[in-house]
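Sequence order for the protein chains is S and R. For the first sequence, counting from 1, position 96 maps to 96 in full-length UniProt numbering; every step adds exactly one. For the second sequence, counting from 1, position 8 maps to 8 in full-length UniProt numbering; every step adds exactly one.
Derived from the structure by calculation, the hints contain no laboratory data. Honestly, I wouldn't trust all of these hints.
What the hints assert, rightly or not - Quick look at which bits of chain R chain S covers, simulated, 3 or more residues with Cβ under 8 Å:
no.: 1; region: 129–138
no.: 2; region: 335–342
no.: 3; region: 369–382
no.: 4; region: 448–457
Even glycine gets a Cβ: it sits at the ideal position worked out from N, Cα and C.
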Amino acid sequence: MRQKRRVRVMVAKPGLDGHDRGARIIARAYRDAGFEVVYTGLHQTPEEIVAAAIQEDVDMIGLSSLAGAHKYLFLAVVELLREKAADDIVVCGGGIIPDDDIEKLKESGVKEVFTPGTPLDDIVKWVQNNVTPRQD
Amino acid sequence: MPLTFDNKIFDDIEKGNKQWQEELDKVFEARPERLTRFSTVSDKEINRLYTPADVRDQDFMEDIGFPGDYPFTRGVQPSMYRGRFWTMRMFAGLGSARDTNKRFHVLVKAGQTGLSTAFDMPTLMGYDTDAHKAKGECGKCGVAIDTLKDIEDLFEGLPIERITTSMTINPPASVIWAMYIAMAENRGIDRKVLGGTIQNDMLKEFIAQKTFMCPPVPSVRIIEDTVEFGTREVPRWNTISISGYHIREAGSTAVQELAFTLADGIAYTEKAIERGLDVDDFAPRFSFFFNSHLDFFEEVAKFRAARRMWAKIMKKRFKAKDQRSWWLRFHTQTAGCSLTAQQPYNNVVRTALQALAAVMGGTQSLHTNSLDEVLAIPTEEAATIALRTQQIIAEESGVANMIDPLGGSYFVEALTNQMEEEAFDIIQKIDDMGGMLSAIEKNFPQQEIADSAYHYQRQIDDNEKIVVGVNKYAVDEEIPVEVLEIDEKLESLQIEKTNRVKAERDNQRVAECLEMVGEACSGKQNIMEPLIAAVKANATLQEVCDVYRKVYGQYRDPGIY
Numbered sequence: 001m002r003q004k005r006r007v008r009v010m011v012a013k014p015g016l017d018g019h020d021r022g023a024r025i026i027a028r029a030y031r032d033a034g035f036e037v038v039y040t041g042l043h044q045t046p047e048e049i050v051a052a053a054i055q056e057d058v059d060m061i062g063l064s065s066l067a068g069a070h071k072y073l074f075l076a077v078v079e080l081l082r083e084k085a086a087d088d089i090v091v092c093g094g095g096i097i098p099d100d101d102i103e104k105l106k107e108s109g110v111k112e113v114f115t116p117g118t119p120l121d122d123i124v125k126w127v128q129n130n131v132t133p134r135q136d
Numbered sequence: 001m002p003l004t005f006d007n008k009i010f011d012d013i014e015k016g017n018k019q020w021q022e023e024l025d026k027v028f029e030a031r032p033e034r035l036t037r038f039s040t041v042s043d044k045e046i047n048r049l050y051t052p053a054d055v056r057d058q059d060f061m062e063d064i065g066f067p068g069d070y071p072f073t074r075g076v077q078p079s080m081y082r083g084r085f086w087t088m089r090m091f092a093g094l095g096s097a098r099d100t101n102k103r104f105h106v107l108v109k110a111g112q113t114g115l116s117t118a119f120d121m122p123t124l125m126g127y128d129t130d131a132h133k134a135k136g137e138c139g140k141c142g143v144a145i146d147t148l149k150d151i152e153d154l155f156e157g158l159p160i161e162r163i164t165t166s167m168t169i170n171p172p173a174s175v176i177w178a179m180y181i182a183m184a185e186n187r188g189i190d191r192k193v194l195g196g197t198i199q200n201d202m203l204k205e206f207i208a209q210k211t212f213m214c215p216p217v218p219s220v221r222i223i224e225d226t227v228e229f230g231t232r233e234v235p236r237w238n239t240i241s242i243s244g245y246h247i248r249e250a251g252s253t254a255v256q257e258l259a260f261t262l263a264d265g266i267a268y269t270e271k272a273i274e275r276g277l278d279v280d281d282f283a284p285r286f287s288f289f290f291n292s293h294l295d296f297f298e299e300v301a302k303f304r305a306a307r308r309m310w311a312k313i314m315k316k317r318f319k320a321k322d323q324r325s326w327w328l329r330f331h332t333q334t335a336g337c338s339l340t341a342q343q344p345y346n347n348v349v350r351t352a353l354q355a356l357a358a359v360m361g362g363t364q365s366l367h368t369n370s371l372d373e374v375l376a377i378p379t380e381e382a383a384t385i386a387l388r389t390q391q392i393i394a395e396e397s398g399v400a401n402m403i404d405p406l407g408g409s410y411f412v413e414a415l416t417n418q419m420e421e422e423a424f425d426i427i428q429k430i431d432d433m434g435g436m437l438s439a440i441e442k443n444f445p446q447q448e449i450a451d452s453a454y455h456y457q458r459q460i461d462d463n464e465k466i467v468v469g470v471n472k473y474a475v476d477e478e479i480p481v482e483v484l485e486i487d488e489k490l491e492s493l494q495i496e497k498t499n500r501v502k503a504e505r506d507n508q509r510v511a512e513c514l515e516m517v518g519e520a521c522s523g524k525q526n527i528m529e530p531l532i533a534a535v536k537a538n539a540t541l542q543e544v545c546d547v548y549r550k551v552y553g554q555y556r557d558p559g560i561y
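All chains should be modelled from the sequences, with the hints used to inform the complete structure.
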């Protein structure tokens, strides 16, 4: 039997927003939880994020946005994944995101949105419960 | 001259202290102390009590002294708030230039005494609204600026010959400043009378705020051009606002904020001196920008230590002779990262306490965050409450009646000394690495900040640090505040506006001007005059920044975590 690999997650910063404190803390928490972590660094276009996610064969993309452009950017990532037939990759997001927008994002395929104040362990647990690592 | 003259008192204090500790042991034996360890928000351990013994080596005249006198621990001006209050300067920017202009007028009418501009992400990164990378970002977290026309609309009807304007802009600071100067000159105002600040501090961008365009070395070269130009041409302008604010927001401790900010200041000073400028010609126009965080006394001590440290650095390290070079004048913003989305009205109280610390620390100007800033750009109502918070501190609380009210507190003086010592140790470490530019290349400050941020988050998650409404006193709730939304149509309207400007301008002239900017960038000529000419010809922000990117290359985030 082939062994299940560890969960491989990408933490991504789409757009021009430079607030990376949250993204970097999340990346570290994922690493400490035993996930394989790819952090894109800042200022990525949705195209760059999706290309990197496919190339790195990740199970999940965690998007972070704190400057208001989440609706366009998160949905562009979801849309591009669909186009590339890679929509088995789970997409979740976090940052400064108003409640109304959370509903819209979830309806459009973002699986979960984490807002400020969410404990790191809750986010890690959510990934453990909702993301299944693919077989190598 | 020590704080307390009579040495016998220290024997008495030691005796008294011993007695008190014995009493205390009995009390805590019956019922233990509330925590096993008491520490500041930066996790600096704090003693139970402070006495003259904690400051016994302090020399009043040398270490504390009088306001307006070296080392300025008590304030840079002799009069401080007995003369006039700090400048109440609310950071504002939303949507289009006209939208923000309207907000400026509202704030001025409400009693604000200086302007402060927030730009949207594309502007901060040197892109026009129609750039592919800018899609979805127009006007979201500040005002969108593409051309001189936008800057003209932004300041319409505002008396810029009298009121000072601060602009939070970094990689394209030189270009936006050129637009401001061009706008003033088109109105017939001499550049020599213009007062204000461009943030223009790229080192802290690589360290913390992360809006960058070109690599560190050419970024600093552009800054030094603005310093040189400002010294000669716009003498009332603060050419750099050396910023700790973003370092702290990114998760540093108070001491790290202090050390990294002053180390940035040292780097800018060294570069300007290398260029052949006299320290006393430019240093008086350096200003600083700090965070005021949750831990009240730690913040007050930080501001006092900052003033004393910069005075020493300027006088002893750089041999500055002009008193004004020794002054650390600073703007303060309350800590955005301390606000909570949960129970957002609590943020009014947090901001008030932080503003109080800034005032007790002797700030020259202050922005108070709005209660809804954790959710979106502030509404007019929320921004007004934030401004009123400052006015209540100034007019009602009485804390502005005397200068440096906490000076002489055993605790505050001891903490001031301790923070100074620890920050100087970090600066020494950076010096040993070859200065801040090398330290940044080695990711030293970035990694230190990431470590502190993670440590703090873990403390919150483990309930070692309490955030009211988040990990204690939490309730199930609907967020009850109104949130400002930026109209999605703005983006296409802004693109149309810029296209109209492009259709009406002389493209030949624009091309010539951009070529001259390029030549200045690759050569040694100061870039500011060619920039002013280019923006007067209606070259767009991105057209100019593309020249920078072409000549100097682009910086990519190393993505460490």
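Hint check results:
no. : hint    : in the structure
1   : 129–138 : holds (count 6)
2   : 335–342 : holds (count 4)
3   : 369–382 : holds (count 4)
4   : 448–457 : holds (count 4)
Going down the numbered hints, you'll see the structure goes against none, and every one checks out.
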